[in-house]
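Go by the hints and put chain B onto chain A.
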Amino acid sequence: SQTIHQWPATLVQPVGSPLSLECTVEGTSNPNLYWYRQAAGRGLQLLFYSVGIGQISSEVPQNLSASRPQDRQFILSSKKLLLSDSGFYLCAWWRQGKNIQYFGAGTRLSVL
Amino acid sequence: AQTVTQSQPEMSVQEAETVTLSCTYDTSENNYYLFWYKQPPSRQMILVIRQEAYKQQNATENRFSVNFQKAAKSFSLKISDSQLGDTAMYFCAFMKQGAAGNKLTFGGGTRVLVKP
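Chains as they are written, first to last, in this note's numbering: chain A, 2 to 113; chain B, -8 to 107.
Looking at chain A on its own, in the form it has when it is part of the complex (with noise of 0.2 Å):
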């Protein structure tokens, strides 16, 4: 079966300092790849998605990055984080034939 892993859960970070948060997915192969923010009580917005190893395409300008160094494997980075980048950062991955969009269970950011 399935089933995609996010990390940490929760990270506290001071402005300025880098960042990486990392997505894997096990039991499929080659599966298209997301990276969504959502602010509190808010919806979620898609920040960078993946169809293939080293393919990104990026939804909106910002301080973030995203690389696929690996097949299932899908990583958000900063150089140098802003207070704005606080947020919930949610991992997801598309199930073909089944056209559904799975998510990880999520990293709470604090940038302070």
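Honestly, I wouldn't trust all of these hints.
[Stated by the list, open to error] Computed Cβ-Cβ distance ranges for the label pairs, DEER-style:
| id | chain 1 | residue 1 | chain 2 | residue 2 | range |
| --- | --- | --- | --- | --- | --- |
| 1 | A | Ser68 | B | Asn49 | 34 to 44 Å |
| 2 | A | Pro19 | B | Ser3 | 21 to 31 Å |
| 3 | A | Ser58 | B | Asn22 | 18 to 28 Å |
| 4 | B | Pro32 | A | Asp72 | 29 to 39 Å |
[As the list claims (entries may be wrong)] In the SDA-like style, the derived pairs of lysine to any residue whose C-alpha atoms are separated by at most 25 Å in a straight line are:
| id | chain 1 | residue 1 | chain 2 | residue 2 |
| --- | --- | --- | --- | --- |
| 5 | B | Lys94 | A | Pro15 |
| 6 | B | Lys87 | A | Thr29 |
| 7 | B | Lys46 | B | Gln35 |
| 8 | B | Lys61 | B | Gly99 |
| 9 | B | Lys69 | A | Ile101 |
| 10 | A | Lys80 | A | Ala41 |
| 11 | B | Lys87 | A | Arg96 |
| 12 | B | Lys106 | A | Gly42 |
| 13 | B | Lys94 | B | Pro0 |
| 14 | A | Lys99 | B | Gln35 |
| 15 | B | Lys94 | A | Val16 |
| 16 | B | Lys69 | A | Pro70 |
| 17 | A | Lys99 | B | Asn49 |
| 18 | B | Lys94 | A | Gly53 |
| 19 | B | Lys94 | A | Pro70 |
Treat the hints as calculated values from the structure; they're not laboratory data. Note that the Cβ used here is the ideal one computed from N, Cα and C, for glycine as well.
Just chain B now, kept in the frame of chain A:
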């Protein structure tokens, strides 16, 4: 670009009663998918129900059912026999069939509170 609108920011319902959440969307596409996701206080996003636009029959999943009105571009979710565990944010989402990257467009969400 497609937009998804959930006009009810918050709703409350008594346990065992029924609540209906509204969702409208704007698209010129004919083939697409619609979804309802639930986000409980844990913030894990969980798929509740999915509807394919080409199917006239409304999708059902246990106590959850939808009323899909394609011409009106409306996709409401009915929760029957509400349970305390149904307390959550509910998000409606749209995806054009064949969209690049299979990207979803989400509505702003409706907070549902089930009262004992």
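25 Å Cα cutoff - pair Lys69/B, Pro70/A: violated (42 Å)
Lys69/B paired with Ile101/A [C-alpha distance capped at 25 Å]: OK: Lys69/B and Ile101/A at ~20 Å, within 25 Å.
Ser68/A versus Asn49/B beta-carbon gap, inside 34 to 44 Å or not: holds (41 Å)
Straight-line alpha-carbon gap Lys94/B to Val16/A, limit 25 Å: violated (31 Å)
Restraint check for Lys99/A with Gln35/B, where alpha carbons must lie at most 25 Å apart: holds (20 Å)
Distance restraint evaluation - Pro32/B, Asp72/A, Cβ atoms, bounds 29 to 39 Å: holds (33 Å)
Outcome for the supplied range 21 to 31 Å, where the beta carbon pair is Pro19/A and Ser3/B: For Ser3/B against Pro19/A, whose Cβ atoms are near 43 Å apart, the range 21 to 31 Å is violated.
Pair hint Lys94/B and Pro70/A, alpha-carbon separation not exceeding 25 Å: holds (21 Å)
Distance restraint between Lys87/B and Arg96/A, which requires alpha-carbon spacing of 25 Å or less: holds (15 Å)
Proposed proximity, Pro15/A with Lys94/B (alpha carbon, max 25 Å): Roughly 32 Å separates the two Cα atoms, so the pair is violated.
Pairwise hint evaluation, Ala41/A against Lys80/A, where the allowed Cα distance is 25 Å at most: holds (24 Å)
25 Å Cα cutoff - pair Lys61/B, Gly99/B: Distance ~20 Å between Lys61/B and Gly99/B Cα, so the pair holds.
Checked against the numbered hints listed earlier, the structure breaks hints 2, 5, 7, 15 and 16; every other hint is satisfied.
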